[in-house]
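So the protein lines, in turn, are chains A, B, C, D, E and F.
When we follow UniProt numbering, the leftmost residue of the first sequence carries the number 1, and every step to the right adds one.
When we follow UniProt numbering, the leftmost residue of the second sequence carries the number 1, and every step to the right adds one.
When we follow UniProt numbering, the leftmost residue of the third sequence carries the number 1, and every step to the right adds one.
When we follow UniProt numbering, the leftmost residue of the fourth sequence carries the number 1, and every step to the right adds one.
When we follow UniProt numbering, the leftmost residue of the fifth sequence carries the number 1, and every step to the right adds one.
When we follow UniProt numbering, the leftmost residue of the sixth sequence carries the number 1, and every step to the right adds one.
Since the hints were derived computationally from the structure, they do not count as laboratory data.
Ideal Cβ positions, reconstructed from N, Cα and C, are used throughout, including at glycine.
A hint or two may mislead.
Said to hold, decoys possible - For lysine to any residue, the following SDA-like pairs were computed, each having C-alpha atoms within a straight-line distance of at most 20 Å:
no., chain 1, residue 1, chain 2, residue 2
1, E, K88, C, G90
2, C, K152, C, D109
3, F, K88, E, T93
4, E, K21, D, T27
5, F, K88, D, R86
6, E, K229, E, R217
7, F, K88, E, R217
Stated by the list, open to error - Reference listing, derived: stretches of chain F covered by chain E, where coverage requires no fewer than 3 residues with Cβ under 8 Å from a Cβ of chain E:
no., segment
8, 42 to 53
9, 88 to 95
10, 166 to 179
11, 195 to 202
What the hints assert, rightly or not - Sample of chain F residues with no beta-carbon within 12 Å of chain E, all distances over it, derived:
no., residue
12, A24
13, G61
14, Q163
15, Y183
16, E205
Chain residues, written in single-letter form:
Number of protein chains: 6
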Amino acid sequence: MTEKEFFRASGRRPDEMRPVKLTAGYTSMPEGSVLIEVGHTRVLCAATVEQGVPGWMRNSGRGWVTAEYGMLPRATLTRTARESERGKVGGRTHEIQRLIGRSLRAVVDMQALGERTVILDCDVLQADGGTRTAAITGACTALAIACQRLVKAGTLKASPLRQLVAATSVGIVEGTTLLDLAYEEDSQAEVDMNLVMTEDGGLVEVQATAERQAFPRARMMEMMDYAEKGIRELLALQRAAMESAG
Amino acid sequence: MTEKEFFRASGRRPDEMRPVKLTAGYTSMPEGSVLIEVGHTRVLCAATVEQGVPGWMRNSGRGWVTAEYGMLPRATLTRTARESERGKVGGRTHEIQRLIGRSLRAVVDMQALGERTVILDCDVLQADGGTRTAAITGACTALAIACQRLVKAGTLKASPLRQLVAATSVGIVEGTTLLDLAYEEDSQAEVDMNLVMTEDGGLVEVQATAERQAFPRARMMEMMDYAEKGIRELLALQRAAMESAG
Amino acid sequence: MTEKEFFRASGRRPDEMRPVKLTAGYTSMPEGSVLIEVGHTRVLCAATVEQGVPGWMRNSGRGWVTAEYGMLPRATLTRTARESERGKVGGRTHEIQRLIGRSLRAVVDMQALGERTVILDCDVLQADGGTRTAAITGACTALAIACQRLVKAGTLKASPLRQLVAATSVGIVEGTTLLDLAYEEDSQAEVDMNLVMTEDGGLVEVQATAERQAFPRARMMEMMDYAEKGIRELLALQRAAMESAG
Amino acid sequence: MTEKEFFRASGRRPDEMRPVKLTAGYTSMPEGSVLIEVGHTRVLCAATVEQGVPGWMRNSGRGWVTAEYGMLPRATLTRTARESERGKVGGRTHEIQRLIGRSLRAVVDMQALGERTVILDCDVLQADGGTRTAAITGACTALAIACQRLVKAGTLKASPLRQLVAATSVGIVEGTTLLDLAYEEDSQAEVDMNLVMTEDGGLVEVQATAERQAFPRARMMEMMDYAEKGIRELLALQRAAMESAG
Amino acid sequence: MTEKEFFRASGRRPDEMRPVKLTAGYTSMPEGSVLIEVGHTRVLCAATVEQGVPGWMRNSGRGWVTAEYGMLPRATLTRTARESERGKVGGRTHEIQRLIGRSLRAVVDMQALGERTVILDCDVLQADGGTRTAAITGACTALAIACQRLVKAGTLKASPLRQLVAATSVGIVEGTTLLDLAYEEDSQAEVDMNLVMTEDGGLVEVQATAERQAFPRARMMEMMDYAEKGIRELLALQRAAMESAG
Amino acid sequence: MTEKEFFRASGRRPDEMRPVKLTAGYTSMPEGSVLIEVGHTRVLCAATVEQGVPGWMRNSGRGWVTAEYGMLPRATLTRTARESERGKVGGRTHEIQRLIGRSLRAVVDMQALGERTVILDCDVLQADGGTRTAAITGACTALAIACQRLVKAGTLKASPLRQLVAATSVGIVEGTTLLDLAYEEDSQAEVDMNLVMTEDGGLVEVQATAERQAFPRARMMEMMDYAEKGIRELLALQRAAMESAG
């Protein structure tokens with residue numbers, strides 16, 4: 001779409017994801033645990049399944065899924081102060097954990113989950129762009145593994161996870177549409193889009209933001225094409241990780 | 001797109017906005033003040049222009065635009081506790097004020113603004129759905145009026161506002177795509193989208209969320225069409241309000 | 001009492017109130033809603049009636065009345081930071097909302113109210129002096145309207161409001177006693193008094209403060225005379241607003 | 001004023017103060033330290049003199065006086081949670097420390113104090129009613145002693161304290177006006193008044209509150225008479241304490 | 001152990017405690033109240049006995065003992081900001097109150113206490129070093145007195161306090177081991193140790209910290225000898241205070 | 001010391017450490033990064049070196065070393081709420097981070113460090129007992145690696161780290177002294193001791209706590225012997241990790 005294409009420092013093609021690795025069972029305490037690595041970005045995702053639901057849902061027979069997101073102070077190039085020390089959760093964190101929660105709730109059958117709450121903790125060990133989309137992809141895998149176990153243990157008859165979701169980012173940098181932005185690229189992007197998609201190609205969340213200038217709808221379509229390509233690859237890796245977790 | 005269309009309690013057609021009214025100069029203290037009414041939703045928007053910018057921007061010669069959003073406790077049908085009493089700003093508030101801020105920054109020439117900070121306070125007096133999009137539309141108008149004044153006063157040579165932005169919501173309720181959801185409709189929506197667009201048709205923010213189930217891309221296109229129609233109407237009202245503010 | 005009388009910028013006589021307007025039903029969500037305007041000061045008052053009382057009153061068969069006070073950031077000439085952003089309610093706010101609450105509790109028959117809590121939210125849209133006394137006058141009217149409705153709806157047999165209260169301020173500026181201080185006058189006052197009075201002339205709250213130097217008791221008597229005059233006018237307006245609310 | 005007088009458990013006459021004791025130099029760290037005992041009520045008052053003033057007063061050549069008030073958890077019959085544990089200062093504390101601060105500022109010549117801040121810490125060791133008025137009386141004495149020292153040390157040419165202030169409470173219990181309410185009396189009072197007065201009889205603060213029902217102006221006059229009588233006694237004790245502190 | 005011994009400003013021998021005084025019943029509200037003075041250090045200790053235990057202990061038939069520690073702002077030479085004003089309890093305070101709580105729990109028979117919670121409030125009125133060890137010694141005495149009363153009142157059959165604990169500090173200053181450090185000595189100490197010991201000589205807490213350089217084990221033994229000597233003296237004073245409290 | 005020795009679930013001898021592994025450079029952002037694994041306990045330690053020191057040390061020419069400690073919510077068998085969500089850092093966290101900070105400051109030459117601040121972030125990824133001692137051992141290694149780099153980069157002439165410190169825990173379980181307690185053992189321990197020691201055998205911190213009953217001094221000596229044995233092994237592993245980090 002642009003005459004002169006932006007050259008990616010990593011040598012990646014515009015529509016190429018960074019190397020992705022999903023390690024199931026990275027820690028052993030949670031019901032479901034996954035370390036997701038997307039390039040240098042590393043997010044540890046843990047699924048906790050608790051009995052009961054928040055007060056406003058009690059006696060509905062339905063479950064609840066929520067997420068929390070955090071970043072280690074030195075996940076970033078310069079140190080970021082802890083939110084616990086500052087005494088409050090920041091706006092960016094709130095925004096991200098609400099996004100993760102909504103993304104997962106869209107694919108869970110709350111009736112099938114029953115009055116249980118699943119909390120997805122997504123903690124960024126190293127941040128190089130795309131932490132929120134990596135968190136969604138990883139959290140969904142951790143949730144899938146936790147459900148798998150509950151079924152195996154006979155607690156649930158069938159997994160309440162109707163299908164998997166995965167997410168990635170796409171951006172426009174110097175006029176070039178690029179899939180899966182690394183931090184360096186993200187900081188220069190004119191437009192930034194996060195897309196969350198299910199296995200059957202349904203859209204769960206589309207968030208496109210003009211960082212500096214508005215963009216035409218045609219560009220949005222192209223970005224969505226790129227994102228879908230990347231998400232297809234992620235969904236395959238999620239399936240593989242679920243199998244490895246047995 | 002659906003066989004049997006959802007009937008709106010208000011008698012509106014699916015692609016019809018609620019009545020919209022913009023009152024410039026509703027209060028007299030701020031540099032720019034607008035009360036926006038969209039149906040029963042009422043948001044008071046105030047633009048404050050202060051000398052100086054946040055520390056990380058100092059000596060850049062560039063300005064900054066930010067927003068804060070609040071809701072009076074009894075803007076809603078049942079009373080909502082004050083965030084000041086709870087001692088912290090909630091996630092929803094954080095998410096909304098970040099959205100408003102980003103939307104406006106995308107159309108402001110920060111170089112032309114110079115080292116000034118514009119704070120847009122958006123306070124909901126009455127809430128009947130669509131408060132965040134009404135806030136964007138109203139805040140942009142308040143900002144435009146404040147800029148107009150700074151130009152008239154000779155403080156600025158030309159308005160740093162490159163063009164206006166306005167926003168509305170679109171949703172899918174019982175399979176029918178509906179423009180500008182009222183609270184009652186919003187609470188039943190399967191999909192909810194907020195779209196922020198400029199006068200030249202550029203997209204600034206697109207946020208589409210599947211509340212219950214994923215949606216196909218074609219549906220997204222239809223929702224964008226509806227939103228563009230509504231936003232065209234809002235932009236005309238903004239221009240009129242600016243003129244009335246003289 | 002002084003040889004040369006202080007000239008009020010508004011041209012008002014020393015014992016003259018600013019124009020006062022009470023708009024019943026300004027918003028439609030609360031059980032009782034009143035916008036009170038005293039000169040440029042505007043306070044939106046909302047009465048919320050909830051079932052139940054605080055823990056320490058449970059099973060007493062008695063009700064409770066409390067108030068919260070807030071100010072929009074740009075109600076003032078220069079912007080004031082939100083208390084929600086600062087993470088705590090300030091001392092001035094605490095002092096004011098305690099004053100409003102006490103003033104109203106003095107005229108409510110808690111036995112007749114039954115185990116219900118009435119919360120009066122007083123939010124200042126524009127501040128030009130006298131916001132706390134305007135809040136008391138407006139809140140009492142909102143409470144009266146809410147009680148009227150509960151009686152009409154058959155929920156209560158008779159209104160638990162024994163009589164109305166209203167409040168105003170009086171001050172001494174350059175030796176002259178002045179009724180109903182506007183902000184500009186208030187900032188120069190040597191003495192500042194707030195008085196809350198009932199329809200039968202009983203005192204509910206008297207708060208007189210020497211801002212710069214102590215004052216003799218005779219001066220206090222004069223200030224009380226002025227205040228009573230103003231409050232009589234306010235009480236008549238409250239009755240009219242109640243009737244208009246039907 | 002009432003036919004049958006209320007009998008005070010202490011055997012005091014209606015216009016009789018509890019035994020009062022002021023111990024100067026109770027602790028040795030502060031510039032001025034006083035333990036005030038009014039009956040069983042005990043408040044430790046400490047005056048700290050620091051160089052500099054709050055930002056908004058800088059380079060005005062004028063000083064500032066402020067107060068903080070606290071209560072040990074077990075100053076009361078049943079334990080009260082610490083405000084530090086609850087993470088915020090309560091409304092009652094805010095109200096009291098603002099009252100103490102205003103009372104003292106009314107008698108200090110800020111020009112003579114120069115760019116210094118005096119902080120009066122008033123900590124209640126035991127509470128049996130009247131802690132806020134005891135705090136004012138004690139804090140003024142601690143301030144006077146601190147000023148005395150600054151003059152003796154040659155830091156100040158003359159004491160910036162123009163005259164002393166003292167405070168007491170008066171209430172109406174079962175129709176009888178009573179001076180200096182103990183906790184038991186206070187909890188039954190229909191009306192409660194705090195009065196702050198200077199040595200030359202000037203009023204600094206008058207706060208009268210109808211706890212249950214409004215009261216006539218004549219009653220207010222009687223309460224003011226009682227309070228003045230008590231304050232005269234307190235002022236004499238303050239002078240004696242100042243002398244003992246040398 | 002060193003050639004040239006450090007000379008203590010107070011003229012004390014290296015293994016000599018400061019004068020210690022325990023005043024039982026210093027305030028009259030708490031179930032047990034003790035003012036402990038160790039040199040210029042003064043800590044007011046209050047034991048509150050409440051029905052019930054924290055949620056996680058309910059229905060265990062066992063009691064709980066906890067402590068809170070505070071310091072008046074002007075207990076110190078220069079004023080320290082209130083933790084209530086700063087909105088949070090600091091790390092030092094947390095560390096100290098945890099230490100006090102653990103020390104007392106080690107000597108209480110929780111079964112004999114039954115489902116009651118004892119809160120020990122330790123508030124420093126004046127600080128000259130050793131406030132945490134004085135707090136432990138004083139709190140244990142207040143607890144002992146409260147238990148004595150519960151037994152006398154017939155609420156408890158026997159005191160749940162198995163034996164007394166007391167605590168003191170030892171340090172190394174300029175190479176000399178010193179018992180019971182005053183503030184001036186503490187601020188120069190190379191090593192600082194707090195030791196909590198029971199009447200039968202058992203150790204409850206040993207906390208030794210190298211402030212500037214590591215120390216050999218032999219030195220630790222010598223410090224423990226000194227501490228035991230001091231604690232023996234404290235235990236005798238505690239017994240005397242208990243008897244005086246009757 | 002006991003007739004019948006406690007059998008460790010892991011099959012370890014009483015004086016045997018769990019397998020320990022130190023991975024230098026586990027993350028790449030910090031100046032020094034180490035993942036320490038002690039049995040199932042895993043702590044990620046990051047050293048951040050910043051220019052400047054806290055205000056009270058400015059212009060002293062000396063540096064500062066501090067630590068922060070956190071735990072991922074699902075590091076534990078049941079989920080622990082985030083301190084950022086609760087809005088404050090808990091007492092246990094405060095206690096631990098103060099211990100880590102003191103332990104490291106005892107071995108750093110602050111003059112040689114110059115006006116720089118080193119922050120050691122210790123985040124527990126998985127917790128199975130001994131997280132605070134693992135954090136000290138890991139943090140010291142991360143600090144050593146960061147210093148090594150500053151020397152190599154020529155920023156510092158020599159490492160300000162005078163010698164290494166390492167730490168372990170020892171406890172008494174059913175009368176048996178055990179080195180390096182796992183969570184299961186720790187929860188049953190009668191006595192718990194943490195010991196921090198330098199390479200030349202100097203003690204930096206000794207913290208011994210009787211969880212249930214006081215213990216004799218002889219037992220303390222035995223525990224110190226065990227701890228020294230374990231620490232010797234840790235110090236060797238630290239040296240190896242430093243070499244691997246080059």
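Here is what the structure says about each hint:
| no. | hint | result |
| --- | --- | --- |
| 1 | E:K88 with C:G90 | holds (16 Å) |
| 2 | C:K152 with C:D109 | holds (18 Å) |
| 3 | F:K88 with E:T93 | holds (14 Å) |
| 4 | E:K21 with D:T27 | holds (16 Å) |
| 5 | F:K88 with D:R86 | holds (11 Å) |
| 6 | E:K229 with E:R217 | holds (19 Å) |
| 7 | F:K88 with E:R217 | violated (38 Å) |
| 8 | 42 to 53 | violated (count 0) |
| 9 | 88 to 95 | holds (count 7) |
| 10 | 166 to 179 | violated (count 0) |
| 11 | 195 to 202 | holds (count 5) |
| 12 | A24 | holds (25 Å) |
| 13 | G61 | holds (17 Å) |
| 14 | Q163 | violated (8 Å) |
| 15 | Y183 | holds (17 Å) |
| 16 | E205 | violated (6 Å) |
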